[in-house]
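Participant: So the sequences go chain by chain: C and U.
Under this note's numbering, think of the first position of the first sequence as 506, with each following residue one higher.
Under this note's numbering, think of the first position of the second sequence as 1286, with each following residue one higher.
Just so you know, these hints were derived from the structure itself, not from any lab.
Keep in mind that the hints are not guaranteed to be accurate.
[Said to hold, decoys possible] With a straight-line cut-off of 27 Å between C-alpha atoms, the simulated DSSO-like cross-links for lysine-lysine are:
(1) C:K725 <-> U:K1553
(2) C:K558 <-> C:K534
(3) U:K1484 <-> C:K600
(4) U:K1635 <-> C:K534
(5) C:K655 <-> U:K1498
(6) C:K640 <-> C:K625
(7) U:K1635 <-> C:K565
(8) U:K1512 <-> C:K655
(9) C:K773 <-> U:K1635
(10) C:K600 <-> C:K565
(11) C:K655 <-> U:K1484
(12) U:K1363 <-> U:K1512
(13) C:K640 <-> C:K674
(14) C:K534 <-> U:K1600
(15) C:K579 <-> C:K725
(16) U:K1635 <-> U:K1617
(17) C:K558 <-> C:K625
(18) C:K600 <-> U:K1512
(19) U:K1617 <-> C:K773
(20) U:K1600 <-> U:K1617
(21) C:K625 <-> C:K565
(22) U:K1332 <-> C:K534
(23) U:K1625 <-> U:K1635
(24) C:K703 <-> U:K1532
(25) U:K1484 <-> C:K703
(26) U:K1363 <-> U:K1390
(27) C:K703 <-> C:K725
[Claimed, not checked] Computed from the model, here is a short list of chain C residues facing chain U with C-beta under 7 Å:
(28) L555
(29) F699
(30) L713
[To be verified] To be clear about the criterion: a stretch of chain C counts as covered by chain U if any three or more of its residues have a C-beta under 8 Å from a C-beta of chain U, and this derived list gives those stretches:
(31) 678-685
(32) 735-747
The structure displayed is predicted, hence computed values, not measured ones.
Each residue gets a CB set at the ideal place from its N, CA and C atoms; glycine is no exception.
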Amino acid sequence: MKKNLLTVIVGAVLILIFVLLLFTFQVRKSEEVVVATFMKPTRNIDQPGLYFKWPWPIQKVYRYDQRVQNFEDKYSESYTADNITLLSSVYVGWKITDASTFIQKFPGDTADSIPLAQSKLEGMLRTAKLGVMGKHALSDIVNPDPRALKFEAIEQEIEQAVQAELQGKNYGFELVFLGFKRIGLPDSVTQTVFDRMKNERGVLISQLQSSGDSEALKIKASAERQASEMIANATATARQIEGEGEAKAAETYKLLDQNPDLASFLLKIRTLPQLLNQHATMILDDRAAPFDLFTASPATNSASH
Amino acid sequence: MSHEHHHHDHDHGHDERQASSAVVPEVQDAGSQALSEALRSSFAVVKIVMVLMVLVFIGSGFFQVGPSEKAVILRFGKPVGEGQKALLTSGLHWSFPYPIDEVVKIPISKQQTITSTIGWYFTTPEQELSGEELPAGPSLNPAIDGYVITGDRNIIHSRAILTYTVNDPVRYVFDFVSASNALQNILNNALLYTAAHYKVDDALFNDTTGFRKAVEQRVSEMADEEKLGIVVEQISDMRSIPPRQLKSVFDQVITTRENRNRVIDDAKNYANTNLNAASSTAFAITNQAEAARVEYVSSMIALATNFSAQLPYYKLNPTFFRQQQLGDVMAKAFANVQRKIFVPQRADGKPTEVRLLISDQPPQPKTSANP
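Let the sequences and hints guide you as you build the complete structure.
Facilitator: This is how it looks when you write it as structure tokens:
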């Protein structure tokens, strides 16, 4: 009895597992599942969990990733409004929004349907890019003036054009974001750009040289002007100081005016020792005091004065 | 009672043997006993195996979450717990084995890096390390060479390495097939976008930090906008160079710019020296004037004082006063002046002719000049 019971339990568990495998399926988080009955989509589930189904070949489960998928188009040529050939590649984030619609437009397993959808998307991107780029000049795409640059606006225009087409034709997926991945020029044009850059460098070199020289001259001239100004100011100040000295000294003139003879004598006598210094040569005759003592009588001497 | 129960139990376990022993003779009973022994022991093995399997089943449910990651358990595809509560932190955890539960691990606090090379010419890390890069051709082949176009329509090469961490693991894993791929494209886009704003000289020389910061900011903004669940740490490495085809002419600009700066620096030095000299000269001029003023005024005051003191004596006898004063001064002068020549008047009253050799030479030493 006991052995039978065990066998029955084991058997029942095995059958249960087998049945579960046949009759149930899981929907993983961020996954949408379409259940097709005899190849016809009959149910779609976007909530994760365990679900029942009829076994194959009655029902088949198709799984779709609801997450944002990455895609980028080929690096391809387009023309700007000012007739410049530009190469560009955009990257997009896209996701399936309605799996039941998606499966109708792109039938089969995801391994087949996703590339189909992406090639559809690539075509739309190409058309949108050609259209939008043709409306803009190169100066809208590269420009040092941020107000004139329309880089983001162009990205938005392309995104909106593709988005509108996706919604209009109801493909069951949408764009989440779009941006330029690469922007470039055709091979031969790069060489032309190099030539121009080279010329611009040449101009810059001569500008740097001449502006350096003139700047240096300006600095020197300005310094020299300032220096002579300083000295001129100092000389003026010195004159003023001298004048102040004169004015101060003039106060003594009134006093000296009491006896101009004495004042004049004192001034002379004060100057005399300064003149008769060590290096002076004195030539004297006997009329000069006190040598007059040798020749004249006291009466004559005193009379001469 | 306990014996009966045991017996009863025994009967249940081997009812087949009991049934056969009732019919089959004694000899066969020994054989069936041996068979029953074998069966019993093999059942024991099966039981052990089953217990082991159950243990393995339970044991296989244990898993570790590292310090720099988080994990989410999906039970039948559905996260266990809501939102942030679904995140398991580091440590030992248990889940049912597949296919009931699935453990999704997400790297989080560890810094991750991505590199953008869409703006770089064709090279490999090995070539770059060994310095054996292929020589630059006359132009750039769009199929293999990358570059970015600056706002003033110059071509430059620029590449960047971005470090980031995951701050919203649920979003990072369950909203994007490859969030890191999306981030890589954002970095590419940020390089294009920032270069499109910048002038070539600013991007390469004058404002390289600003250029890097602008790329960083753009990436950060776009990653937030697209809700990738990441935080941009920084652009850890960024390099921008002129096209290799124009290296020499760009180098020449650098040399010229350095020369220009040197010329200007020289001029500034000259200006400083000049101004300093002028400043000290000016100071000397005013200083001298000030000193002269003080001296002049004080000499005049001294004269006035002397005048006031001498006036009474002068008034008494001007001639005598003059003689006395002059005598004093002359006496001092005679002592001081080295060359004194006395020329007596001729007896006939005619002028005396004196010829002097006036020399700039300093006077002879005292010993020979003074008798």
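Participant: Of all the hints given earlier, name the ones this structure violates by number, lowest first.
Facilitator: 3, 4, 7, 9, 14, 15, 16, 17, 22 and 27
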